[in-house]
Amino acid sequence: MTQTGATTEAAKHDPADPARPARDPGIPVVSRRRAAIAVLLALVLGLGALAVVGRLADYGRVGSALSGANRWWLLLCLVGVIAAYAGYSAAYRDVARAEGGPALDLWTVTRVVVVGFGATVVGSSAGGLAVDLWALHRAGASADEATCRVLALNTLEWLVLGLLAMVAGTVVLAGGGGGAERSMSIAWLTVVPVCIALGWWVARGARGRRLSTRPGHSPPFQRHPGSWPAWGWATAHRGFAAAIGGLILLGEILRRPRRYPGAVLGYPLYWGGDILCLGAAVIAVGGHPGLAPLVLAYASGYVASAIPLPAGGAGGIEAALALTLHAVGVPLAVAVAGVLVFRAFTFWLPLLPALIMAPSIRGLYQELPGTPRAAG
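Numbering-wise, the sequence shown is residues 10 to 385 according to the working numbering.
There's no promise every hint is true.
[Unchecked claim] Label pairs and their computed distance ranges (CB to CB):
#	residue 1	residue 2	range
1	P266	G185	27 to 35 Å
2	A206	P234	39 to 47 Å
3	R371	I91	20 to 28 Å
4	R219	G185	28 to 36 Å
Treat the hints as calculated values from the structure; they're not laboratory data. Glycine included, each C-beta is placed from N, C-alpha and C at the ideal position.
Modelling step: build the complete structure from the supplied sequences, incorporating the hints.
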């Protein structure tokens with residue numbers, strides 16, 4: 010994984026596959042029409058999903074909860090969003106530079122993260138990861154290396170959330186969860202350890218090195234159907250190898266937390282900020298969730314964001330969060346109102362800085378190839 014030397018212009022060939030020319034990751038451009046359609050779709054899906062759930066809760070009660078919202082708690086929602094930005098930026102920067110990767114400066118990382126958060130609206134819930142991948146590739150990482158780093162980043166993100174949910178589930182099962190469903194706790198306490206054990210086993214030692222080895226040559230996609238099986242197998246092979254490479258890189262990062270403090274502490278800050286925003290939103294509209302049930306509801310509801318739904322997962326996430334909050338004892342009308350406030354801060358508000366930062370994409374395109382490599 011370790012590579013040295015700065016890249017000042019697009020490589021002529023992919024270092025992982027010398028026979029395959031490297032493709033210059035051009036400037037990611039989204040037409041205004043597509044962006045407008047995506048925003049409108051997100052609005053329709055989000056409000057539509059909550060309208061269905063809200064009908065069960067009584068629209069009058071939802072409106073009453075919103076109209077009586079405590080504005081001081083809304084300020085805390087903003088604090089949570091800022092903390093989430095800071096945490097994600099810290100994690101991204103350290104994972105990018107780990108083991109000799111691109112050493113992105115803080116201002117560059119901030120712009121990438123802000124634009125990536127906005128990309129979840131105009132693309133899909135995977136839009137932010139696409140921007141992360143583009144930035145690393147443009148900064149000199151090969152397509153395979155960039156994919157490994159983005160997958161390591163994403164795995165670390167969900168690992169931290171899973172561990173938080175496990176702690177919350179343990180508290181709930183120990184009797185500190187109020188009206189939280191025990192089944193939610195049991196699910197997290199079962200699935201997360203299995204995933205951790207499987208990831209550790211598959212990426213360990215010689216097995217991990219063997220499985221993370223990419224094919225030396227990938228046949229290009231052709232229109233002739235007879236070539237599709239070979240192309241599909243090679244593509245799947247490269248993707249699987251990149252995933253294992255990401256696990257290996259993550260293991261190196263976790264073994265040296267003092268060297269990569271941003272990676273280790275970034276996602277606890279990111280998830281903590283997001284959960285703070287949700288909790289403050291629910292309290293602002295009259296809810297009183299306990300901390301452990303809140304974390305459990307958040308984690309369970311946010312699983313919907315892992316699915317690459319259109320318009321940043323709008324609709325699915327709103328409905329899932331409202332129902333999981335209700336499952337841990339929050340009245341349904343309050344849950345719907347709280348989710349509306351929460352999504353306003355975490356989904357719609359990021360559009361503003363993303364739009365402000367959008368013109369800097371061309372600057373990033375020019376600056377990223379000059380990124381130096383970190384010490385291996």
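Tested hints:
About 29 Å separates the C-beta atoms of P266 and G185, a value consistent with the hinted range of 27 to 35 Å. A hinted range of 39 to 47 Å holds for the C-beta pair A206 and P234, which are about 40 Å apart. A C-beta distance of roughly 26 Å is found between R371 and I91, which places it inside the suggested range of 20 to 28 Å. Between R219 and G185 the Cβ separation comes to about 45 Å, which falls outside the hinted range of 28 to 36 Å.
Hint violations for this structure: number 4 only, all remaining hints satisfied.
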